[in-house]
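Chains as they are written, first to last, in my numbering: chain A, 6 to 295; chain B, 61 to 387; chain C, 14 to 396; chain D, 90 to 352.
Please note: incorrect hints may appear among the correct ones.
[What the hints assert, rightly or not] Partial chain C-side listing against chain A, Cβ under 7 Å, derived:
no.	residue
1	A54
2	G258
3	N275
4	E309
5	S384
[Stated by the list, open to error] The following residues of chain A were derived to be distant from chain B, with all beta-carbon distances above 12 Å:
no.	residue
6	A82
7	L111
8	L162
No wet-lab data here; the hints were simulated from the structure.
Built from N, CA and C at the ideal position, the CB exists for glycine as well.
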Amino acid sequence: MDQLLQHLVNGTVLGGTYALLGIGLTLIFGVMRVVNFTHGELYAFGAYMTYAFVSLLGVNFYLALALATLAGVALGAALELVLLRRMRRADIDSVMLVMIGASLVLQNAEMWAWGGVAKLIPNPFAGSPLVLGPVSVLPLRLFVLGVSAALLLGFWLMLDRTRAGVAMRATFQDPETAALMGVRVGWVNTATFAIGSGLAAAAGALLGPVFMVSPTMGDLVGLKAFAIVILGGLGSLPGATLGGFALGFVEEFAGGYLSTEYRDAFGFLLIILVLALKPQGLVPAKERIG
Amino acid sequence: MSKLLPWLFVAALALLPVAFPDPYLLAVLTSAGIFIIGAISLNLLLGYTGQLSLGHVAFFGLGAYTSALAALGFDIGIGFGLRITLAPQPAWLGFIAAIVVAGGFGWLLGRLAFRVRGAYFVIITICFAQVLRMVALNWIELTQGPMALISIPPFSLWLPGQGVVALYSKAQNYWLVLAVAVVAFLVVRQVVESRIGRALVALRSNESLARSVGIRVTHYLVIAAVISAGIAGAAGSLFAHYVRIVDPDVFLFIYTVTMVIMVITGGKGTLWGPVVGGLIFGLIPDLLRGHAAPEAQWVAYGVAMILFVMFLPRGIVPALASLRPRP
Amino acid sequence: MLNRRSVLLAGLAMPALATRGFAADAIKIGMTQPLTGAVAASGNYVANGAKIATEVLNRAGGVLGRPLELVLEDNKSNPREAVASVEKLVLRDRVPVLIGAWSSTFTLAIMPKLMEYKVPMVVETSSAARITTSGNPYVFRIAPTSEMEAVAFAGLLGKFSPPMRKIDFLSVNNDFGRGAAEKFAASLAARGITVGKTETMTPEATDLAAQLTALKQTDSDTVFVTTGVEQMTLALRQAVEQRLGKRIVTTGGSFPDQLIANPLPAGNESFHILFYAPWFPERAPHPAIAATYTAEWNKKGWEFAGLTEGFRGYDAMLTVVEAIRLAGKPEAEAIRAALWNVKIPGVNGDIAFTKDGPAGQESGQNRPNVSILKLAEGKTSLL
Amino acid sequence: MSPLLRVENLAVHIGGLVAIADASFSVPEGQVVSLIGPNGAGKTTAFNVITGYMRPTAGRILFDGAEITGLSPDRIAERGIVRSFQRTSVFTGCTVLENALMALHRRGSAGLLGALLRLPSARREEARLRAEAWAMLEFVGLAGRAETPAEVLAYGEQRRLGIALAAIASPRLLLLDEPAAGLNPSETAECMALIRQLRDRGMTVLLVEHDMPMVMQISDAIVVLNQGRIIATGAPAEIRRHPEVIRAYLGSGEYQEAGHAAA
């Protein structure tokens, strides 16, 4: 029973960051029809930026998180303007290939710049865990969960309340009609990719201090982000949130009770199962009529 | 003339070990050749059916493991007190087993994945390779997990007058890989230039129209997947007996990416594309060894991939063909 | 057709000519290490150790009156590339002797090639027992096997208080981790210690909460952690988070140096089996050699933590060069024979090979020293 | 004699929308039947359902007395129903001859073994298919462009190729989706001639078309759909005078067209 509660807490904490990763990826797919293979690299980029700001430039930790997220937004915008904008008329497969190329470049540039040695980011939270009955959790993890939740909420409000959000939703549903209604789809795409990238970088900035920062940290995370959005249905925002928590819990419980070795495999097996049984994911994106 | 040229090319390659018996050159060409076979097989799916299968290394890895396990033998429990035991088998049998097993998984993946298209298809194929890697890592009784299958015997062939000969020398391995590559090339050519190949190209070009004229899309995609997987399995088997170690990293995504780069730069959907792309990307790493940091090499590959897709999307071979004046 | 072929050959030959022209007289020593990829950090440390050994030896006049040249190849943390790097070193650079290849998997991948090309290799890090027991007479290992490490550790058990009664393992899921768990379990069980649970983790896993939660439930007092330095650091930090509440001992010779700058909260201490403790060069078996190595390393401004692994490259280089000196000529077979006669002091201690593996096909195995470092609140001390 | 195609109580709901409410009609063998109606009436949906691209919510489709409801498009094609498409009507990236060979797929039977070994039977079949392809290209007047990539053809030629691809394997029922859309008057006339010739070769034709003069001239019977329901069936002369048809076109703002047709 004690173990169950602890697993529940661990799963929630893990799921929150997974959701953050999934939302960015699914948003980009939904609006732009782009499978973003650089997502994992942007995650690593966010973590490295946090490290650079905190450890090398001595910036305050919280400010560094914000700056790293903004750096992710900027890198995302640059990727969109330099690469994706030219590929708007290309088929989805060509775009995927370009994004795979970009992820090769980003990852190896990171390795070149930072070396292969993993870095540890100092953080302002004392290392001792908070203990509540049988459950213990680091204050840093709670902070991460809190910020993830805040970012998710802020993101929803942005979509719901701002003009940019409305334009994004319109493009999400039907780019052609949106363009006819005066939405500048080009800029919506840039904004979308930048925000999606920012969310990935934010996830990296938040988790960097929890784990460690290394050039290959994005590999598995990128694959897991795919798992999350497939679980939830590609292009479905609630689905990505759900998928994030689902994967967090599946990994935590399968790892805790079934097999630690296959822990990371459960996510991928789950995807194959989901795709075999229910190819459109758990929460299918709205079918288009036309 | 143009019919003769490919055979002259093959003859030149076959004479290479005699003319230039430099073992390093042969080693580089042999390992490039194995990946070219992989690229030739990927081209059937990627180029001719237009399905971006990014789990292709799964079949390569399956072939490598099957062949290695057949050569080494195994003894595993499958629950309920039952055991499966296999005594070590000759390499050629492992080679055939590799083709069959990889082809079988090609059928399975085809049945599963071709129900979806586009991004879903890509991701399901990636996941397929990932799951196999996890299995290879953790089914230690069978695969030795991360400890890898080692001491895999070299390929052996029955040669008239000499009995069974183990292929230790560079030149022998080189010829073996060359021979398999030529066969793989011919198989793909025969398929592509037949009614089946036309059906594949039709569904790549216009799937709705293809269905309307009675082409059973999934049926033909699965056929393509089985052939493609079988050839990749053969390449994996050659790999296992040449490198003589197989570990779970054989399933890494980066190998698929390497094959994809070969096919894309050479020219997807052309018979010679993967050969040209494969020679370029199989040889460049060794030419650059010691001259550029490995990270820089990968950055260069990434940039090359982006530039090719953006500016020469059809690849080198079609570009060259269009330069040649038409008679 | 001819044109294409000659262009190809020219392309392949040019770099080879270039390197040959660079140092015609130098004696080449080949090294393959993971300089990029998952385990690049350690590979670069070991390569750096070999580099400074080359400099130190060249300053002292090289060997046989000729300078030394270290030809370093990247095996990209991957067995296929490890094989490719060896083919390049042996066939193109024609090195008569090799050092490598960090991980047991890479070393095992290379070993058939050593037989094929008849070139000896000094193994500086890999710990898998199979490396010296599989009957490969070209393998000479200066690194300890997990078993040797476990036996040596058992001799130091008395230094722990309260004494160990029951132990668990948290191991990376590969030869290194599983081998260590198995050998330590055997060695400590022989000393009357109860062996509990073994949890494993994939090398790339970052979240170890599930494993640690499982280990927390057991009634043992000590957990042995065996993995690379990065995952080791994660395990130590997350053990605090999950309130593991057990003594942690890490094996394998790596040290989580980042925990010096970012210490665990007060009251948490850990123990680390090391083969060289750079904080205390004076306590090394041969203080003068250890001091030279440490000083040269620091002069380069390299990361201090790298010293704990860099010595492997340093000692391997000393070993190889001594063998060349004994052989009297830089030829593979002569060096292989001479390696059996090497008897020199190194950073870790005395280096000499004893026979291991099936008769007639024995590999060489050195018997290294171990020490136990205690880390508490960012401070190190030798146990 | 029972009709070649019979659609019984067909209903199609997409999401919450009703595309076809309840439609029954039949196509007698050897005739040209047109399916007309204002935009959004459900004509293309009906095509999609008959050819297996969509599943009906309710109802049955009988072809030559056998039920084909819910079969996949390729199975339906194998039974002898082939359609043309409005927009993407050819295989791009392939030559005209290759297009024709691809469309002849179900006239061949060579399998994997035949392909790999180049068996004599496979080679004979290949020669036969080529002959058939050439014959069809001659028939539609595209033989001179056999080696031209399909996407390079003029628009009218592309439409003709599209019809040829549907007709090449001699289906029993040919469904043409707006074959004359975007054609000029002389091309439209050629198109009509082509459809008649195909009917004379023994193919039954079901046509969706907006060009009312063409529909009136070519059809043996007309089925009028409006808002998912059939409002009239009959010979062209009857349809022209049908009050509900006139009202439907008036309501949809396509009065001009219908009026023109009625004139």
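Now for the hints, and whether the structure bears them out:
no. : hint : in the structure
1   : A54  : holds, 4 Å
2   : G258 : violated, 10 Å
3   : N275 : holds, 5 Å
4   : E309 : violated, 20 Å
5   : S384 : violated, 23 Å
6   : A82  : holds, 17 Å
7   : L111 : violated, 8 Å
8   : L162 : holds, 28 Å
In summary, the numbered hints that this structure violates are 2, 4, 5 and 7.
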